[in-house]
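Build out the structure end to end from the sequences listed, making use of the hints.
The numbering of the first sequence is our numbering, which starts it at 14 and goes up by one.
Hints were generated in silico from the structure; no laboratory data involved.
You may find that some hints are simply not true.
Across the chosen pairs, the derived CB separations fall in these ranges [what the hints assert, rightly or not]:
hint	residue 1	residue 2	range
1	R40	P129	19 to 25 angstroms
2	G254	G58	51 to 57 angstroms
3	G273	G58	43 to 49 angstroms
4	D148	D242	21 to 27 angstroms
5	T138	F230	21 to 27 angstroms
Just so you know, even glycine gets a beta-carbon here, dropped at the ideal spot from N, CA and C.
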Amino acid sequence: MPELPEVETVRRELEPWLTGRTVLSARRVAAPAGPKYANLARAAGQRVEAVGRRGKFLLLALSGGDELVIHLGMTGVLTPERPRDHVRIELRLDGPPPNVLYFRDPRRFGRFLVVPAGDYRSLPTLAALGPEPFDAAFTAGSLLAALRGRRVAIKTLLLAQRPVAGLGNIYIDEALWRAGIHPKLPAGRVTRAQAARLHDAAISVLRAAIDAQGTTFSDYRTVNGAVGDYLGYLDVYGHAGDPCRRCGTKLRRIVLGARGTCFCPQCQPYARKTAEMRTKRRT
DNA sequence: CGAGTGCCCTGACAGC
DNA sequence: TGCTGTCAGGGCACTC
Numbered sequence: 014m015p016e017l018p019e020v021e022t023v024r025r026e027l028e029p030w031l032t033g034r035t036v037l038s039a040r041r042v043a044a045p046a047g048p049k050y051a052n053l054a055r056a057a058g059q060r061v062e063a064v065g066r067r068g069k070f071l072l073l074a075l076s077g078g079d080e081l082v083i084h085l086g087m088t089g090v091l092t093p094e095r096p097r098d099h100v101r102i103e104l105r106l107d108g109p110p111p112n113v114l115y116f117r118d119p120r121r122f123g124r125f126l127v128v129p130a131g132d133y134r135s136l137p138t139l140a141a142l143g144p145e146p147f148d149a150a151f152t153a154g155s156l157l158a159a160l161r162g163r164r165v166a167i168k169t170l171l172l173a174q175r176p177v178a179g180l181g182n183i184y185i186d187e188a189l190w191r192a193g194i195h196p197k198l199p200a201g202r203v204t205r206a207q208a209a210r211l212h213d214a215a216i217s218v219l220r221a222a223i224d225a226q227g228t229t230f231s232d233y234r235t236v237n238g239a240v241g242d243y244l245g246y247l248d249v250y251g252h253a254g255d256p257c258r259r260c261g262t263k264l265r266r267i268v269l270g271a272r273g274t275c276f277c278p279q280c281q282p283y284a285r286k287t288a289e290m291r292t293k294r295r296t
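In structure tokens, the structure reads:
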């Protein structure tokens, strides 16, 4: 499931390939008409001026004032190699091969559409996206402010992309474990100290995952077809029943907002931590 | 507006 | 072997 590290990995591979090339055509292949694949015809004739990213969204700036927005959803893959099946979009470019970009997306949770640059009315999550985790605008203070007064579980709020952009199910579990925060803790009850730890944890886990080119469970591949290597570094996600790498307690799995959620009941207590436990965790 | 629910969609897998 | 049921979840429409 592509989150920020996976999307950033893809972005870095697309950038040298696509930048400066002109779109010859963009067409739907085995994809229904609809808002997920809107306005593709408008891309033709426009040059790709930049390959950017906001949260989990890829944003290709086009020379005609439009923007190509791509979200990989759960199973989306961008590749120059024609996939055997489930091709949703075929983007033809000028210049030497490889000059066709295929969007393969078996489960069709992804999007691939053209909008006027910055016009995200059809993409409410992107329109209201929180700060980039590596941006100076994302601070412990901004995080705390985004949580204040909210009764919803901290994990649920993070999934909504508002406090910070780019975290999904996997890296939220990892960041909350690193920060020692129970995923069900009402967001408004996160303390200043916890928010500071969560801020640092989000940045550090995303950095580490980018360095590993992301996490591959099943579908995710880089543009070059490689898998992400972060799977082996995950501390909690997918490790329910295993001993916590920090304290040895058996990791638990619960369902929160229809998402599988793994955490350590010892390191991430629902109630406020004691000073003794804070000290223990420092190691 | 905040919070909660259910839908989309298909491959993988368990169970019989 | 082949069928059926269940699970996985990001974003969003919908309801209260």
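| field | Hints violated by the structure (numbers, ascending) | value | none
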